[in-house]
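Engineer: Take a look at the letters that make up each chain.
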Amino acid sequence: MTISTAPIPVSTDAEAPEAPARRNRFWAWVIFIMTAVYFLIPLGATFWWSLRAEADKLGFEAYRRLFEDANFWPSFTESVVNAVAAIFLSLLIIVPTAYWVTLRLPRLRPVVEFITLLPFVIPAVVLVFGLIRLYGRPPLLLTATYDSSRVLLICAYAALSFPYMFRSVDNGLRAMDVRSLTEAAQSLGAGWPTILRRVIFPNLRVALLSGALLTFAIVIGELTIALFMAQQTFGPYMANLTRSKVYEPSAMAVVAFALTWAAMGTIALITRPGKRG
Amino acid sequence: MSGFLSLHGIRKEFNGVVAVDTFDLDVEPGEFVSFLGPSGCGKTTTLRMVAGFEQPTAGTIRLAGKDVTYAKANERNIGMVFQSYALFPNMTVAENIAFGLRVRKEEGSARSDRVSELLDLIHLPDKAKSYPNELSGGQQQRVALARALAIRPQLLLLDEPLSALDAKIRDDLRAEIRRIQRQLNITTIYVTHDQEEALALSDRVVVMSKGRMEQVGEPFEIYNNPATGFVASFVGQLNRLPVTVEDPALGRIRMGRNELRTTSMIEAPTGAGVSLMMRPEEITLDDAEENVLEGIVETVTFLGSIVRVQVGVEGSKVIADLFNERLLELPEAGDSTRISFPPHACWVMA
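Those protein sequence lines, which keep their order, are chains R and W. The opening position of the first sequence corresponds to residue 1 in the working numbering, with each subsequent residue numbered one higher. The opening position of the second sequence corresponds to residue 1 in the working numbering, with each subsequent residue numbered one higher.
Check each hint, because a few of them may be wrong.
What the hints assert, rightly or not - Under the rule of at most 20 Å between Cα atoms (straight-line distance), these lysine to any residue pairs were calculated in the SDA-like manner:
1) W:Lys210 x W:Ile186
2) W:Lys105 x R:Arg104
3) W:Lys317 x W:Val274
4) W:Lys72 x R:Trp192
5) W:Lys129 x R:Val178
6) W:Lys105 x R:Arg197
7) W:Lys66 x W:Ala94
8) W:Lys105 x R:Arg198
9) W:Lys72 x R:Pro202
10) W:Lys127 x W:Arg114
11) W:Lys105 x R:Arg179
12) W:Lys72 x R:Arg104
13) W:Lys72 x R:Val178
14) W:Lys129 x R:Trp192
15) W:Lys127 x W:Lys105
16) W:Lys72 x W:Phe53
17) W:Lys72 x R:Thr194
18) W:Lys105 x R:Val178
19) W:Lys66 x R:Arg198
20) W:Lys105 x R:Trp192
21) W:Lys168 x R:Arg198
22) W:Lys66 x W:Lys105
23) W:Lys72 x R:Arg179
24) W:Lys72 x W:Gly59
Derived by calculation from the structure, the hints in this document are not laboratory data.
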């Protein structure tokens, strides 16, 4: 057989294949700019308004007043504590459940998925009325004091987090070979608590953080349930501020937006490619 | 007499479907036994019952004289190596190897000594601080082996540990597994669907099909004296020619107008239609005094150390594996040829 040494034919119309790619890039930019404008104009306007607290000049007076407000930090701190407690409770319920479903009861996955989606289907106002009816009378009276209501609120927030937490954890579990890792640990002598603590939880770190930060972003500004349970958290504080002040609510919106994006940014940072775990 | 590991009357059903049936095996201390069979034959299920990940529907499993049939997996002191390595991604190589020792609350210095010892054993002393995703497949499987051995298990189980690796690495690691097993003299059960692996590694091979043991024996015996048609066809290449028995006492059989002879026993009566079996490497393209068949060469395939020639003989196909040597005169497709095989190299099956 003779092997040809002739050069491989090259298309003379080298521009042609690139043209569709360029067109695609153009429209991608158009869509990106339109989307950015759609989001950024209201945000920019809110920020602009928040800077006009002082007459005839732009400044951060609204932010100063907001941060110096006697109720800002207590309500914010209370919401942070509630969010952290709800995240831990949610993790304690969801991780073993999702782990067991993946390992031993895969047929039950649709049922568990449906249950975890219920907070999306049931409006918060229905949920809170249900909770008050159930826990507002003996033998499970939890609405008698501020602190016991707070416990109930945290439980409700944990339930609200289920859709996000279950999906994050489930995705994390599907991404690793749960069965083999579990069996490897078992053959080395580990019991269930050790397997969960030393093998499953560390390898779910990214998934858990994603779920936790999404939960944090939701709980931190939650209004309906907190209001009905007479809790002095950040959500009711923001609602109250909107009714009584002019510039501070805009400053508040910008701060809340920054907090949410900080949470999202943290997720992106932790889950960036090349990061272990 | 029961062995170091004894499986008696093991049966396993999944929702009424029998996965393993009537499995009896005694494994001696330090023995290397392979479970060989196609996918779904029950070999991995049997291994998982030994490991404690599945419980038998019936039967008993005894390890070192102790009944472990219903013991939990983490209470059996059995090391296991998985096909997918199953290294803990969040831990370094050293931490992976030390995991079982930490669970057993072994003292820190003894633990690190043991880890160093095992890293030397698997020839990866410089990888202690690496993470699994920084290692090649072969290196990961070596670490998995070291991790399983770290706990000084009574029994080592390997579930198709080489099937995810490239051919060259597979060969190297196969030799490495055998070296380590011999060095530590650890009783080992090895599951594979690769006959070459099973034959090369094992002291004994258990050939399985459809949940049952077909034959248990040394590799040489399994290959040269297969007990059933399944074993004969699953282990190695096999030619099967339709023949008629002429004289069972003298081992005379007939294929068309050709008279053939075998030295192995024929249990069929005169006139019975049976199959004559022979391995491709037993066939030559030379003329011989007996057992000569004429045919037409259909294909010639070069496989490196051997050349595989397929010959059509009276409507049947016969494969002959010829050892590749420089002076070998190869036929071409369409050539007429004569093939022959010695009477001791063929046997009859119903």
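Engineer: Each of the hints needs a verdict: does it hold here or not?
Structural biologist: Hints and how they fare:
1. W:Lys210 x W:Ile186: 29 Å, violated
2. W:Lys105 x R:Arg104: Roughly 29 Å separates the two Cα atoms, so the pair is violated.
3. W:Lys317 x W:Val274: Distance of about 16 Å is within 20 Å: holds.
4. W:Lys72 x R:Trp192: Roughly 11 Å between the alpha carbons, so the hint for Lys72 (chain W) and Trp192 (chain R) holds.
5. W:Lys129 x R:Val178: 24 Å, violated
6. W:Lys105 x R:Arg197: 16 Å, holds
7. W:Lys66 x W:Ala94: Not OK: Lys66 (chain W) and Ala94 (chain W) at ~32 Å, beyond 20 Å, violated.
8. W:Lys105 x R:Arg198: 14 Å, holds
9. W:Lys72 x R:Pro202: 24 Å, violated
10. W:Lys127 x W:Arg114: Holds, at roughly 15 Å.
11. W:Lys105 x R:Arg179: At roughly 24 Å apart (the allowed maximum being 20 Å), Arg179 (chain R) and Lys105 (chain W) break the hint.
12. W:Lys72 x R:Arg104: Holds, because 16 Å separates the two Cα atoms, which is no more than 20 Å.
13. W:Lys72 x R:Val178: Holds, at about 18 Å.
14. W:Lys129 x R:Trp192: Outside the cut-off at roughly 27 Å; violated.
15. W:Lys127 x W:Lys105: Not satisfied, since the Cα-Cα distance of roughly 24 Å exceeds 20 Å.
16. W:Lys72 x W:Phe53: 8 Å, holds
17. W:Lys72 x R:Thr194: 15 Å, holds
18. W:Lys105 x R:Val178: 24 Å, violated
19. W:Lys66 x R:Arg198: Violated. Lys66 (chain W) to Arg198 (chain R) sits at ~30 Å, over the 20 Å cutoff.
20. W:Lys105 x R:Trp192: Holds - the C-alpha atoms of Trp192 (chain R) and Lys105 (chain W) are around 16 Å apart, at most 20 Å.
21. W:Lys168 x R:Arg198: With a Cα-Cα distance of about 35 Å, the restraint between Lys168 (chain W) and Arg198 (chain R) is violated, given a limit of 20 Å.
22. W:Lys66 x W:Lys105: 24 Å, violated
23. W:Lys72 x R:Arg179: 16 Å, holds
24. W:Lys72 x W:Gly59: 16 Å, holds
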